[in-house]
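Asker: Listed below, chain by chain, are the residues.
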Amino acid sequence: MAWYDEDSFLTRSFGPSKFAIIITTLILICLPILTHFFFYRAKSPSSIPRFLVCGPSNSGKTAIVTNFERQTSTAQTHTSIEPTTILAVLPPSTRSSSARYRSLNDPQAQALQPLLLVDTPGHAKLRRHAFTALENSTSPLSGIIFVVDAANLSSERRDDESISGLSDSASYLHDILLALQKTSATRKKPLKLLVAANKMDVFTALPVSMVKGVLEGEIARTRETRARGLATDGAEEETDILGEDLGVKFRFDVLEEFGVEVEVIGGNVEGDELETEKWWDWVARLL
Amino acid sequence: MLDSFEILTTSGVVLWSKTYVPVGASLLNTFIRDVFIEDKTDRSGPNQSYRKDGQTFKWTTAKDLGLIFVAVYQSLLHISWIDKLLDNVRALFTELYKDQLSKPRTTKIDCPFDPYFERQIQDLEKTDATVAPSFRVTAPTDSAADLSAEDTAPSESERPLSRSFDISDPSRPASPAQHILTGKGGPRGSRRSRKAAAATINGLVQSSGDESSGKKKQALKGKKKRNWGADGYEDDGDDQQLDFSNPQEDGGSRANLEAVDSASWGTTTADGQFMLKDIGEEMNEILGAAQQKNADSKKATGVVGSSLGTIGGLFRNVVGGKTLTAADLDGPLKGMEDHLLKKNVAREAAVRLCETLQQDLVGTKTSNFTSIETTIRAAMDRALRKMLTPTTPLDLLHEIAATKGKRPYVISIVGVNGVGKSTNLSKICFFLLQNKLRVLIAAGDTFRSGAVEQLRVHVRNLQELTARQDAGAVDIYERGYGKDAAHIARDAVTYAASNNFDVVLIDTAGRRHNDSRLMSSLEKFAKLANPDKILMVGEALVGTDSVSQARNFDAAFGPGRRLDGFIISKCDTVGDMVGTLVSMVHATGIPVLFLGTGQHYNDLRVLRPETVVELLMRP
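Those protein sequences? They're chains F and L, same order as listed. The first sequence lines up with residues 1 to 287 when you count with the working numbering. The second sequence lines up with residues 1001 to 1619 when you count with the working numbering.
Just so you know, the hints here were simulated from the structure itself, not pulled from any lab data. As the structure is a prediction and not an experimental result, all values here were calculated from the model. By construction, the Cβ of each residue, glycine as well, lies at the ideal position given by its N, Cα and C atoms. Hints may be right or wrong, so weigh each one.
[Claimed, not checked] Here are a few chain F residues that sit away from chain L, every Cβ distance over 10 Å (derived from the structure): (1) Ile27; (2) Ala179; (3) Val208; (4) Ile265.
[Claimed, not checked] Rough simulated footprint, nothing fancy, chain F against chain L, three-plus residues with beta-carbon under 8 Å: (5) 1009-1016; (6) 1027-1038; (7) 1099-1107; (8) 1388-1401; (9) 1593-1602.
[To be verified] Here are the computed lysine to aspartate or glutamate pairs in the DMTMM-like style, where the Cα-Cα straight-line distance is at most 20 Å: (10) F:Lys125 x L:Glu1038; (11) L:Lys1436 x F:Glu224; (12) L:Lys1040 x F:Glu82; (13) L:Lys1386 x F:Glu82; (14) F:Lys125 x L:Asp1395; (15) F:Lys249 x F:Asp175; (16) L:Lys1103 x F:Glu82; (17) L:Lys1406 x L:Asp1395; (18) L:Lys1334 x L:Asp1381; (19) L:Lys1404 x F:Glu156; (20) F:Lys125 x L:Asp1039; (21) L:Lys1406 x F:Glu156; (22) F:Lys125 x F:Glu82; (23) L:Lys1063 x F:Glu82; (24) L:Lys1108 x F:Glu270; (25) L:Lys1386 x F:Glu135; (26) F:Lys125 x L:Asp1360; (27) F:Lys125 x L:Glu1614; (28) F:Lys125 x L:Asp1034; (29) F:Lys125 x L:Asp1381; (30) L:Lys1108 x F:Glu82; (31) F:Lys125 x L:Glu1610.
Given only the sequences and the hints, what does the whole structure look like? Please build it.
Answerer: See the structure below:
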């Protein structure tokens, strides 16, 4: 029996037989559904707010992230090599700003508010992970947490370091802020950046107001030398200056013009008493 | 003996650790930085190890799960079974907690791994110390009676066995570890606890001994770690969770206990005696399975198997999700190596780059709809970018500003003959003058005729330019020919200090890098002039020689002093063949500070890794 015979399977499958119709209908219905599942199953629901956690190496980013996840304890951590994203929930004691007007007994208010924390490595060679997360336009960030080690913000260089803790933190923060300034046109809402002054439990830690002061001073110096520095190979455009006007003394407030609101809050995730409430409050205000 | 063993993720979270002697966290951080980020050690070969401060680090990785297993021990000791231990622990850990580890977006892992680990150490020591005199002492009978109190009374097993629960994850699979706990409730004293007690007694009895017994003692000490109280709880009450049999938060534990399948935790012997299943059996099963898998993947030579595999491989090559093996990577990596060679990367650097890439990629999965070639390109892109990005961002002006007013900032420039030392020196001088600094140029080339005159011409030009632009000030310090360069350099620095100069730029004579007579004077030079920055000029035109140039100059300044950066000159003459950059940075790990890109004073640029990588990867 050849394939073109009247009784062959090919003729039958193209003919108006009940069997062929059922098969075709099934394929028609199932294909889009299956395709949908294939492509969208792994994709995360985009509604979960994302926070980027960055900062110089050894400032305690991963420790803060694990503390946010566990809430009561902090995992032991070492230098990170790869970025990671973790899912944390707002602690019941803190209420997100969107749930502000809800009654205490509203079951909706009891529901746990999830949030994603993107932890990035702080080593100078691996900082591009943070910038890629920053530029990722498919899911805009809800906020940025820049972690600094408040106990390592002196301009003196320690023996085991090739750069002082202050200039390392300041130049990284400068780069992040500059990247935010460049993309300011694409944002509708101002983006909040939290400078989390970590390790407040350490004896030598600077108080929050001083952390803000020394960072601002060092960023001012950094942007000045950057503005006068050599042109970068392969970059055609003019060097951008943070805050655009070198004449104005640099303060974090200058950046509000570019839709970046910076806040410095202290805390610690190790030691006898963990102090993270203020950070949680900051996070909750953005939810 | 082992000091510490840690299992951590690539994102830096310690999942499980066992510490016998505390190892400083900063030491481990240095290890991670040097080995995994800055690639300071040679990672090829199976016997990879890293030494620092009298400690030896050995490690292995599980790339697909992003895990690193690190063992730390004193360098003085030679522990032959470390590699075996690492492999076994990797196999065990990945198998036991596979489900938890592959769960995204969490760093929480419940891993009661201690018993497995201790058993491993014990087994390995046993095989190792067959020659050493045995000192096993059987526990005295009276102590066994004491122990019976420690074993749980059956009636008390009704209580909920665990208080800490992970609410967020009720679907956690029952871990095989459950029988450890259940075993405690059994009618007979468990073999393990008795052994542990014997170990404790051994520890007491053996107050002193030869080295091997000392080793043993320490190993067994680990077993004391978990103390079981009279009621079946852990004595020290840490929150490590052991009970995995109970998905509910509270209550119902009794029903669960009864539901435990007896076969899963023990076997009944022929004479009706119930034997507890040993932890070792389960461990061996897992290890055996892992070995089997290894052997299978190596074998796969059958006709049907290979052809099916090829078709599947081709398909997966298009669709993605293929687990990469060394054989898959060979061809494309060879292509990549040739490509790098064409871009003027030295062979040595190209080969080593590809080797590291292979090590990093074997065992990983390609992502959806990406071929092997694309994966390799992306990985190479990443590796090159990581390499070219400096460890610490250098801001020359920032550093000069810090020393300004206190002392002159000294920069000296070295290099092979004719690479453009004087030209680049005057370019840097021009850049500093633009920033209103006072610069002194020291003519340290007292050898080649015309060298001093050449610098004098540069200085005259620069003086002319600065006068026009109201920039800084520049002068030359020269003492003619034939004098010792090191002394001239030192005198120049003192002269600059007394005359309020901000920066001293020292030119040196060009020298062949493999002429030890010429190179040896550099050490004295570094000592006398004590420059803040020693920069080496290398030309982009040079090929394979760049590696040894960089290495020899890097080593020439004596112990404790290295090069601080490279200036790559003549970049405008090579187009996209910028391989020299890669070779030099690869050989030494020292960053490229400046690129010379033309004939004019302002043709000095800062390196941007992205640009270079893009030029290199361009077909």
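Asker: When the structure is checked against the list of hints, which entries are broken? Sort them ascending.
Answerer: none
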